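Whole structure, please, built from the sequences with the hints as guidance.
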Amino acid sequence: MAEAAPQFGTKTSPEDAKKGSPSPPGSPNFSGRWRLAESVNFDPFLKDCNVGYLKRQVAGMVTSEHHINQEGNAMAVEVTTMGRGSKHQEYEVGNEFIETEINGEEAVVNTEWDGPTIKELHRTDSFEYELVRTLENEETMVLKLESNKGTKAERIYKKVGL
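Take 1 as the starting number for the sequence shown in the numbering used here and just add one per residue.
No incorrect hints appear here.
Here are the computed lysine-lysine pairs in the DSBU-like style, where the Cα-Cα straight-line distance is at most 35 Å:
(1) K158 <-> K144
(2) K87 <-> K149
(3) K55 <-> K87
(4) K47 <-> K144
(5) K159 <-> K119
Calculated directly from the structure, the hints in this document are not laboratory data. Since the structure is predicted, the reported quantities are computational estimates derived from the model, not experimental observations.
Structure (structure tokens):
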């Protein structure tokens, strides 16, 4: 019997995300500019997410940066990928938002605090995956990814600025 997908929160408008309710006590602040330093098992993960061969090859060769501004639960994340442009997300942890995935599909993304991490469940019509954002230390942010087929990957970012 399949488990029911977890239900997280409600939709966040960009205006609400800017307000930022307080994050839980002891929660880390992810604010800063983070540059990709290492990827582990990323190609098999992307394959599980219906990303074609050519896009996977390009994804494996380019670097990206996450520019994060966090105020309490309010997150503003600008993801810049060399040669691909950028995407901007604004949301409040505990709520959901919509984004376009690398394969072009629209995803509903549910977010929640899970101890000192932010857990995101990305769902499209054809796949889903979980992303867990964690701070390993003040200089290292790790995105742990797991596809609905069980393939795990990590994207390791180093802090390069505020």
